[in-house]
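A.B. asks: Residue-level listing of the chains:
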Amino acid sequence: MTWTATDIALMLGKIVLLYAIILTGAAYLVLAERRILGFIQDRIGPNRVGPLGLLQPLADVIKMLTKEDMIPTAADRLLFSLAPAMAAIPAILTFAIIPLGAPVQLFGRQVHLQIADLNVGVLFFMALSSIAVYGVALGGWASNSKYALLGSIRGLSQLISYELSMGLSLVPVVMLAKSLSLADIVNAQAEMPFIVYQPVAFAIFLVSILAECRRIPFDLPEAEGELVAGFHTEYSGMRFGLFFVGEYINIISLGSLASLFFLGGWRGPLLPPVLWFFIKVGLFSFLFIWVRGTLPRLRYDQLMHLGWKFLTPLALLNILVTGWWLALR
Amino acid sequence: MLGAYLPILVLVVIACLFGLGSVVFSSLIGQKKPSQVKLAPYECGCEPVGSARERFSIKFYLIAMLFILFDIEAVFMYPWAVLFKRLGMFGLVEMGLFIVILFVGYVYVWKKGALEWE
Numbered sequence: 001m002t003w004t005a006t007d008i009a010l011m012l013g014k015i016v017l018l019y020a021i022i023l024t025g026a027a028y029l030v031l032a033e034r035r036i037l038g039f040i041q042d043r044i045g046p047n048r049v050g051p052l053g054l055l056q057p058l059a060d061v062i063k064m065l066t067k068e069d070m071i072p073t074a075a076d077r078l079l080f081s082l083a084p085a086m087a088a089i090p091a092i093l094t095f096a097i098i099p100l101g102a103p104v105q106l107f108g109r110q111v112h113l114q115i116a117d118l119n120v121g122v123l124f125f126m127a128l129s130s131i132a133v134y135g136v137a138l139g140g141w142a143s144n145s146k147y148a149l150l151g152s153i154r155g156l157s158q159l160i161s162y163e164l165s166m167g168l169s170l171v172p173v174v175m176l177a178k179s180l181s182l183a184d185i186v187n188a189q190a191e192m193p194f195i196v197y198q199p200v201a202f203a204i205f206l207v208s209i210l211a212e213c214r215r216i217p218f219d220l221p222e223a224e225g226e227l228v229a230g231f232h233t234e235y236s237g238m239r240f241g242l243f244f245v246g247e248y249i250n251i252i253s254l255g256s257l258a259s260l261f262f263l264g265g266w267r268g269p270l271l272p273p274v275l276w277f278f279i280k281v282g283l284f285s286f287l288f289i290w291v292r293g294t295l296p297r298l299r300y301d302q303l304m305h306l307g308w309k310f311l312t313p314l315a316l317l318n319i320l321v322t323g324w325w326l327a328l329r
Numbered sequence: 001m002l003g004a005y006l007p008i009l010v011l012v013v014i015a016c017l018f019g020l021g022s023v024v025f026s027s028l029i030g031q032k033k034p035s036q037v038k039l040a041p042y043e044c045g046c047e048p049v050g051s052a053r054e055r056f057s058i059k060f061y062l063i064a065m066l067f068i069l070f071d072i073e074a075v076f077m078y079p080w081a082v083l084f085k086r087l088g089m090f091g092l093v094e095m096g097l098f099i100v101i102l103f104v105g106y107v108y109v110w111k112k113g114a115l116e117w118e
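Sequence order for the protein chains is A and B.
With the first letter of the first sequence counted as 1, position 295 gets the number 295 in full-length UniProt numbering; the numbers rise by one all the way through.
With the first letter of the second sequence counted as 1, position 105 gets the number 105 in full-length UniProt numbering; the numbers rise by one all the way through.
Hints are computed from structural coordinates only; laboratory data are not their basis.
Ideal Cβ placement from N, Cα and C applies to all residues, glycine included.
Some clues are possibly wrong.
[Said to hold, decoys possible] 16 Å max Cα-Cα, derived EDC-like pairs, lysine to aspartate or glutamate:
hint, chain 1, residue 1, chain 2, residue 2
1, A, K309, B, E94
2, B, K38, A, E68
3, B, K32, A, E68
4, B, K59, B, E116
5, A, K309, B, E47
6, A, K14, A, D117
7, B, K59, B, E118
8, B, K33, A, E68
9, B, K59, A, D301
[Unchecked claim] Computed footprint of chain A on chain B, listed as stretches where at least three residues anywhere in the stretch have a Cβ under 8 Å from a Cβ of chain A:
hint, stretch
10, 2-15
11, 32-45
12, 49-57
13, 68-82
14, 92-99
15, 102-115
Required output: the full structure, derived from the provided sequences and hints.
C.D. replies: Below is the structure:
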């Protein structure tokens, strides 16, 4: 593949557009979460800044940028400064392989609504979700505070445990699609979304991504009742903001992947493909918020038991059953 | 083939600029009134006791080791899953054996109590 000037211009255009979408999306997901949680708890939520509180994300950004940016004396200065970026960067990079819609005709050429259609897309995603662990691990360790250390060790164990069940739950999807490329996986669902064939894999994947996002009921790394704020106890200002943005970008990207792997991505009747994709991602984001407003937090041993003693063997069994079913068909 | 990775490289550079840029920008415009107490590690308002660089439970190391073992096995399954249709029954039996062997190891780990958190 050679790169002409038009290709490069197109690529840069797509990247800028993608940034606009994910940063706006993450900012408004924060607002949506605060409003929806407000309604779930029978209160109003932030509605003062702008009409319906729609300018609240802007106010939050300005607040975070102008807050005092402190580094505790005991902290490891370099790692303490780098850790928030390490948490946010892999979250952004995951979007490189996510197709937002069907290829469109633009200026007489076919444009893929995807930064890069890698033939190892699923592996790329698994690799990035492993790298994302570093932000939590180093952030908590570099703070040199007991709460932060406990939060980061817990987070580390939780993330790697659930990565296992997440990885195994995707194997049947790859078996059905016969490809690791995300565009191919979506195209393989032209007749029927994979959730119909793979409800068990979908359930395992959904629980695992909730744990990967460190959201309630799996928010033990930052359990505020016992660890203050967990691994980001010592963070302030924009460094805290980056952890925060990373978490919400993660929700959007994992929701996108869930809809790509199981709900047929951009496919749907009547409405344009991109709209369908945003509707599905919106549904997953809402589900994440809803779960947060509804469920209590698990205990740490329950969390590890669920991952290791239930989801992992179930995912292995699911692979065998799917293989058997596909071979007989 | 490697050309497909150029956009990802560009995205990596921009993401790093975004991450580092926002931290640097915020440290430039944020106010700064440091004091010794403010910069001490947070321990609910009490004087910090000792260092946080302490030893923690061996359980966590064990989980990390198990993760490496099982995650490598999981990665082995991806190429098999892509070629599954072409391999047919042979592929299924081979992978069945592989998963059974993996499962024996898993049961051993369970019985040894590596997955307990008491």
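A.B. asks: Tell me, in ascending order, the numbers of any earlier hints that this structure violates.
C.D. replies: 1, 5
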